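Engineer: Chains as they are written, first to last, in UniProt numbering: chain A, 1 to 221; chain B, 1 to 261.
Hints are computed from structural coordinates only; laboratory data are not their basis.
Just so it is clear, the structure is predicted and the values come from calculations on it, not from any experiment.
Treat the hints with care, as some may be off.
Said to hold, decoys possible - Computed cross-link-like contacts, DSSO-like style, restricted to lysine-lysine with a CA-CA straight-line distance of at most 30 Å:
{"#": "1", "chain 1": "A", "residue 1": "K215", "chain 2": "B", "residue 2": "K175"}
{"#": "2", "chain 1": "A", "residue 1": "K220", "chain 2": "B", "residue 2": "K123"}
{"#": "3", "chain 1": "B", "residue 1": "K111", "chain 2": "A", "residue 2": "K220"}
{"#": "4", "chain 1": "A", "residue 1": "K216", "chain 2": "B", "residue 2": "K123"}
Residues per chain are reported as follows:
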Amino acid sequence: MFDFLQGYDVLGAFWTTIQLTVWSAIGSLVWGTVLAAMRVSPVPVMRGFGTGYVNVVRNIPLTVIIVFTSLGLFQTLGVSLGADTFDVINFRLAVLGLIAYTSAFVCEALRSGINTVPLGQVEAARALGLSFIQVLTLVVLPQAFRSVVGPLANVLIALTKNTTVAAAIGVPEAALLMREMIENEAQLILISAVFAAGFIVLTLPTGLFLGRVGKKVAVKR
Amino acid sequence: MSGAAVSKEPFTPGMNSRALVELHHVDKHFGPLHVLRDIDLTVDRGEVVVVIGPSGGGKSTLCRAINRLETIDSGEIAIDGRPLPAEGRELARLRADVGMVFQSFNLFAHKTVLQNVTLGQIKVRGKDRKSAEERARTLLDRVGVGTQAAKYPAQLSGGQQQRVAIARALAMDPKIMLFDEPTSALDPEMINEVLEVMRQLARDGMTMVVVTHEMGFARSAANRVVFMADGRIVEETTPDEFFTNPRTDRAKDFLSKILHH
Ligand SMILES: Nc1ncnc2c1ncn2[C@@H]1O[C@H](COP(=O)(O)OP(=O)(O)O)[C@@H](O)[C@H]1O
Ligand SMILES: [Mg+2]
Numbered sequence: 001m002f003d004f005l006q007g008y009d010v011l012g013a014f015w016t017t018i019q020l021t022v023w024s025a026i027g028s029l030v031w032g033t034v035l036a037a038m039r040v041s042p043v044p045v046m047r048g049f050g051t052g053y054v055n056v057v058r059n060i061p062l063t064v065i066i067v068f069t070s071l072g073l074f075q076t077l078g079v080s081l082g083a084d085t086f087d088v089i090n091f092r093l094a095v096l097g098l099i100a101y102t103s104a105f106v107c108e109a110l111r112s113g114i115n116t117v118p119l120g121q122v123e124a125a126r127a128l129g130l131s132f133i134q135v136l137t138l139v140v141l142p143q144a145f146r147s148v149v150g151p152l153a154n155v156l157i158a159l160t161k162n163t164t165v166a167a168a169i170g171v172p173e174a175a176l177l178m179r180e181m182i183e184n185e186a187q188l189i190l191i192s193a194v195f196a197a198g199f200i201v202l203t204l205p206t207g208l209f210l211g212r213v214g215k216k217v218a219v220k221r
Numbered sequence: 001m002s003g004a005a006v007s008k009e010p011f012t013p014g015m016n017s018r019a020l021v022e023l024h025h026v027d028k029h030f031g032p033l034h035v036l037r038d039i040d041l042t043v044d045r046g047e048v049v050v051v052i053g054p055s056g057g058g059k060s061t062l063c064r065a066i067n068r069l070e071t072i073d074s075g076e077i078a079i080d081g082r083p084l085p086a087e088g089r090e091l092a093r094l095r096a097d098v099g100m101v102f103q104s105f106n107l108f109a110h111k112t113v114l115q116n117v118t119l120g121q122i123k124v125r126g127k128d129r130k131s132a133e134e135r136a137r138t139l140l141d142r143v144g145v146g147t148q149a150a151k152y153p154a155q156l157s158g159g160q161q162q163r164v165a166i167a168r169a170l171a172m173d174p175k176i177m178l179f180d181e182p183t184s185a186l187d188p189e190m191i192n193e194v195l196e197v198m199r200q201l202a203r204d205g206m207t208m209v210v211v212t213h214e215m216g217f218a219r220s221a222a223n224r225v226v227f228m229a230d231g232r233i234v235e236e237t238t239p240d241e242f243f244t245n246p247r248t249d250r251a252k253d254f255l256s257k258i259l260h261h
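Sequences and hints are given; from them, build the entire structure.
Structural biologist: Structural data, given as C-alpha cells:
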C-alpha cells in the first residue's frame with residue numbers, strides 16, 4: 001500500500017523541515033526578544049524601530065519575504081550568508097526569512113507577557129538601582145516568558161508549518177518533496193495524508209509538552 | 001514655613017552638613033495638574049519625618065521625586081549634598097542609596113524571599129552570593145521572617161511581604177528610607193508588625209521619610225510631621241504640636257476626618 005514511498009527520501013525531507021524549524025525558532029526567539037525590548041525601551045528611536053518593524057513585517061505575506069531573500073538579497077545584492085552551494089545558500093536564506101517574519105509574532109507574544117508584569121515591580125527594581133537592561137532581564141522578561149509559553153507554542157507550531165514556504169526557493173523540505181511525489185505518483189490522497197501526518201507528529205507533541213511547561217512555570221501572584 | 005515670598009538665594013546643597021535630603025523650590029505638574037508647589041524641605045541625618053495629608057495631595061509624588069522615579073519640572077533636590085543626577089549610572093547609584101518601600105509591597109513574584117533580598121546586593125552592589133545571602137538572612141531575621149526565606153511572595157501574608165520589602169531595601173545599606181503608606185494595604189491585625197519594624201529602624205538611627213496616617217507611629221517615632229495638601233506643605237511641626245494644636249483650618253479639617261472614623 002505504501003509502495004509509492006519507495007525511491008523518495010521522505011525522512012530526509014522532514015529532517016530538513018526540522019532543521020529549518022529549529023534554526024528559525026532559535027533565531028526568532030532571540031530577535032523577537034530584542035524587538036520586544038526595543039518596544040518597551042525608554043529610547044524613542046528604538047521604540048519607533050520596534051513598532052515599525054513589527055507592523056510592516058507582520059503584514060507582508062511570508063512567501064513574499066522568502067522570495068525576496070532569494071531574488072532580492074541573493075540574486076540582486078549577492079548576499080550568500082557565507083555559503084557557496086545553492087542548497088546551503090537557499091537553506092540559510094529561508095531561515096533568515098523565517099526569522100525575520102516569525103520574530104514579529106514572538107515580539108508581540110512577549111509584549112503581552114511584559115504587560116502582565118505589575119508596574120510596581122519594575123519601580124521597585126529601579127528603586128534598587130538596577131539599570132534598564134537589568135530590570136528587563138532580571139525582573140520583567142523572566143516573568144513575561146513564563147506567562148506566554150502557550151502563545152509562544154502557537155507561534156512555534158505556526159513556524160513549523162510555515163517552513164513549507166521555503167519550497168518556493170527550492171529548499172528540499174517536506175512540502176517540496178510532496179509536490180514532486182504528487183506529480184509523479186497516482187496516490188494523491190495517500191501522499192497528502194502521509195505528509196499531513198508527518199507535520200502532526202512534529203507539532204502535536206510540541207504543543208502538549210509546552211502546554212505542560214507553561215502550567216508548571218506560571219508565576220503565582 | 002517661611003511664607004510665600006520666593007527667596008532668591010542660590011541653592012547650595014551640603015552647606016548644612018546635618019542635612020541628608022534637601023528640596024528647594026520643587027515644582028511638578030501632571031499635565032494641567034500642579035501636584036508639587038514650591039516644596040522646600042530638609043531632612044536631617046537620623047531624622048524621622050512623617051508626611052501626612054489628604055489623598056491626592058502629592059505625598060507619593062514627593063517621595064518618588066526624591067529618588068527620581070518621578071522627574072520634577074523645576075527646583076532642586078540634593079541627597080547627601082549632591083544634586084540628583086539626571087540619568088544613567090549615576091542615577092542608579094543614587095537610587096541604591098535611597099531605600100523605598102511601597103504601599104503594594106512590589107516583591108519580585110518569580111523570586112524567593114531570599115532572592116528578593118539578595119538581588120540588589122549582587123547585581124547593584126557587586127557582592128558575592130554567599131555574603132549577600134548571609135546579609136539577607138540577618139535582615140530577614142531582624143524583621144521576623146527568617147523562616148520564610150525559601151518561599152515565594154504569593155505564599156506570604158501581606159504583613160510578611162511588607163517586612164520582606166523592608167529587608168530588601170535595607171540590604172542595599174541605604175542612607176535614607178522612604179515609606180509610601182506602607183501599612184495602607186494591610187489587614188488591621190498586620191499593621192502593627194510592620195510599624196514595629198519601622199519603630200526599631202527609627203530607634204537604630206535610620207533617616208526616614210514616612211507617608212502614613214498612623215498617628216500612633218507619628219507620635220512615637222517621628223521627629224517632625226509635615227502636613228501636605230493640594231501640592232503644598234501646609235504645616236511643619238512636631239507630632240505633639242500637630243495633633244493637639246493644628247494651626248491651619250486645612251489641618252484641623254483633615255484631623256477631624258481621620259479621628260472620626
Ligand atoms: N502618573 C500620574 N499621571 C497623572 N496624574 C497623576 C500621576 N500620579 C499622580 N497623579 C495625580 O497627582 C495628584 C497627587 O498624587 P499623589 O502624589 O499620588 O498624592 P497622594 O500620595 O498624596 O495621595 C493626584 O491628583 C493624582 O491623581
Ligand atoms: Mg499616595
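Engineer: Look at each hint and say if it fits the structure.
Structural biologist: Evaluation of the provided hints:
Pair hint K215(A) plus K175(B) does not hold up; C-alpha atoms about 42 Å apart against a cutoff of 30 Å. Restraint check: the Cα-Cα separation between K220(A) and K123(B) comes to about 24 Å, which is no more than 30 Å; the hinted pair holds. A hinted pair counts as satisfied when its Cα atoms are at most 30 Å apart, and K111(B) with K220(A) qualifies at roughly 10 Å. For the proposed pair K216(A) and K123(B), the alpha carbon gap of about 27 Å is at most 30 Å, so the pair holds.
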